[in-house]
Amino acid sequence: MDLDYLFHYFTQHVERVHAAHGYLSDVRRLASELGIRMRPGLHNSLVWGDPPLITLSAEDYGSRRQFSAMHEVAHLLLKECGAESELLLYFGDLEEAAPAIEGWCNHAAGLLLLPRPLLQAAEAEHGLSAATVLSLQRSGQVSLGAALRRVVYAEPDRRLAAFASTAGRRVSDIAKLNFSVPFWRHDRLPESIPRAAAQQKTFALGEGSEVRGSCLRVPGRGALGLLVAP
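Going by the UniProt record's numbering, the sequence shown opens with residue 1, and the numbers climb by one from there.
In case anyone wonders, no lab produced these hints; they're calculated from the structure. Among the clues, some could well be false.
Result set (EDC-like, lysine to aspartate or glutamate): computed pairs, CA atoms no more than 16 Å apart in a straight line [stated by the list, open to error]:
no. : residue 1 : residue 2
1   : Lys176    : Glu155
2   : Lys79     : Asp60
3   : Lys79     : Glu102
4   : Lys201    : Glu191
5   : Lys79     : Asp93
6   : Lys176    : Asp157
Required output: the full structure, derived from the provided sequences and hints.
Right under this line is the structure:
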């Protein structure tokens with residue numbers, strides 16, 4: 001089994017279902033149209049049945065609650081399209097398959113909260129830049145981490161990295177695709193990365209390496225950056 005093909009099949013299924021329901025980003029409306037009941041519970045879970053039931057922990061609130069709810073919707077879509085059973089077959093049991101299942105549902109939650117039309121509108125206005133990430137985060141009312149991952153992983157052939165940093169220039173979150181960068185979570189950003197550069201510019205990233213990128217100051221977070229490999 002080709003896991004890359006299966007992942008693509010699953011994400012295409014998520015986007016088709018979402019498009020058929022007008023790209024609803026309100027999780028309660030989407031759940032209602034999909035025939036899913038929702039109620040408070042001790043923890044976040046999907047209970048398979050007729051109809052399916054999503055329980056949500058009272059400990060989650062705001063954007064985290066929205067993401068958790070969409071994550072559970074994604075579990076339903078993973079099961080309905082047959083991808084979950086294929087993952088279980090591939091890995092042998094639920095314990096081994098769990099990291100892939102949870103990771104795929106996290107990705108799908110991002111697709112549901114930040115659908116393609118919203119992403120395309122942000123890119124049309126801001127280009128491939130840190131401003132696109134910030135625009136998505138605000139319009140979709142999601143966490144900065146969800147927004148930067150949505151931009152980075154939107155197209156499988158792109159070579160991107162996006163990061164958020166603290167006021168002290170420590171990396172607090174990072175996502176990358178087909179692109180190696182000389183820093184990771186908790187590392188200090190290289191001095192060559194500017195504190196703010198709203199428009200894309202070229203700067204050094206390690207010895208003999210240049211990238212194009214943009215950075216924005218984010219109140220309460222430090223900085224947000226997006227790097228594009230040459």
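Quick check: which numbered hints come out false for this structure? Number 2 - this is the single hint that the structure violates.
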